[in-house]
Amino acid sequence: MGRSSPRFGRPRCARYNPRCMHEYAVTQNIVDIVCRHAAKAGASRVKRVDLVVGELSTIVDDSVQFYYDFIAEGTLAEGAQLCFRRVPIEVECGACGHVWQPVDADWTCPACGQAQARVRAGREFYVESIEVED
Amino acid sequence: MARIPVVERIMQANDDVAAANRRLLDEHGVHAVNIIAAPGAGKTSLILAVAAALQGRCRVGVIEGDLASDVDAVKVRAAGLPVVQINTGGGCHLDAEQIRVALLRLPLDEIDLLLIENVGNLICPVDFALGEHTRLGISSVPEGDDKPYKYPTVFANIDALALNKADLLAFLPFDVAEFKRLVFALNPELSFFPVSSTTGAGIPALADWLAGLAAPSA
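Protein chains in written order, with our numbering: chain G, 9 to 142; chain H, 725 to 942.
Hints should not be assumed to be uniformly reliable.
[Said to hold, decoys possible] Rough simulated footprint, nothing fancy, chain G against chain H, three-plus residues with beta-carbon under 8 angstroms:
id: 1; stretch: 734 to 747
id: 2; stretch: 816 to 823
id: 3; stretch: 838 to 850
id: 4; stretch: 906 to 917
No wet-lab data here; the hints were simulated from the structure.
Predicted, not measured: the structure shown is a model, and the values here were computed from it.
Each residue gets a CB set at the ideal place from its N, CA and C atoms; glycine is no exception.
Working from the sequences, and respecting the hints, build out all of it.
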C-alpha cells in the first residue's frame with residue numbers, strides 16, 4: 009500500500025499487510041468482477057459501478073471506496089464512481105407471519121412478541137451493473 | 725456510454741473455493757466447524773476441553789487462525805491433536821484459500837471433527853465461508869449480555885452458540901434470560917450451550933452435540 013496518511017504517515021513496518029481490513033479483500037473481488045465484465049464488453053474504461061449491499065453485510069462504504077481508489081489503479085476500473093444501494097433488513101415472524109424492518113438488534117416480533125424472525129432481505133452483496141465507455 | 729448488467733456476488737470467488745473445500749472434507753468424512761468469537765472469549769481453551777471430552781469417541785483435528793505466532797497451535801499439539809497454524813499477518817479473518825492450503829497439511833482420513841479457530845473477531849469472519857458444515861459462535865460472560873445488540877450479524881449467522889465462562893455468572897451482572905431472548909430473536913433455530921472450560925460445566929453437552937454432527941449418517 010505505501011500511501012501516506014496525514015495522521016500516521018507512510019507505514020514503516022516491513023511486514024505491514026494491507027489486508028488488515030476485510031474491505032481490502034472484498035474490494036479486490038469487486039475490481040476483479042468489474043474488470044472482467046468491462047473487458048468482455050470491449051470497454052475502454054469504467055465510469056460507474058453499482059453495488060447492492062444488504063444492511064446485514066459488515067461492509068463499510070467509505071472503506072471500500074478508499075481501497076478501490078488504489079486497487080483499481082492502472083486497470084479499466086480506475087477512477088470509476090462507486091454507488092452503493094443499501095437494502096434494509098427485512099424479517100418475517102415464523103409464528104404469525106408478520107413482516108417488518110427491525111430498527112435495532114432486538115428482532116422480537118412487534119405483532120405477537122415471539123422470537124422467531126427469519127431474514128427475508130439484508131444479506132445481498134453483489135455488483136449490480138457497470139457503466140462503461142466504448 | 726453503456727450500462728452493462730453484471731449481477732455477480734462479490735464473495736463468489738471465495739465461495740467457489742469454500743465449496744471445493746467442502747467437497748474434499750466430505751470425501752474424507754470430515755465434519756468442519758468454523759468457530760467465531762471475539763478475542764479472549766476462550767476459543768482455544770474450549771477446543772481443548774471439547775477434544776478431551778471426545779477422546780476415544782471422535783477424532784478431532786484443529787486449524788488455528790491468528791494474526792501472528794503459533795502459541796495456540798503449540799497448546800493444541802501438546803494435547804496430541806493434529807493441528808495446522810495459519811498466520812494471517814494482519815488479516816482479520818480466515819478465508820477459503822487459506823483453509824484449502826491448510827487441509828493439504830492435515831491427515832484428513834484420521835479426523836472426524838475439524839475445529840477451525842477463526843481469527844478473534846465478531847465482524848469480518850462472518851462474510852468469508854471456509855467450506856465448514858457448521859458455525860459455532862462463542863460468547864463469554866465478561867463480554868456482557870448486550871453483545872447481540874452490538875454485533876447482530878454474527879449472532880444471526882451461526883448454528884450454535886456457546887456461552888463460555890459461565891462459572892463467572894456468580895460474580896458478574898450478566899442477565900442470561902435477556903441475553904438468550906436477544907440471541908433467539910435474531911436466530912430462532914440456534915443451539916445454545918452454557919459452558920465453562922475452567923470447571924468443565926456444560927462441556928459434555930457441547931461435546932455430545934459436536935460428536936453427533938461428526939458421526940457418519942448411516
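Verification of the hints:
no. : hint       : in the structure
1   : 734 to 747 : holds (count 5)
2   : 816 to 823 : holds (count 3)
3   : 838 to 850 : holds (count 3)
4   : 906 to 917 : holds (count 5)
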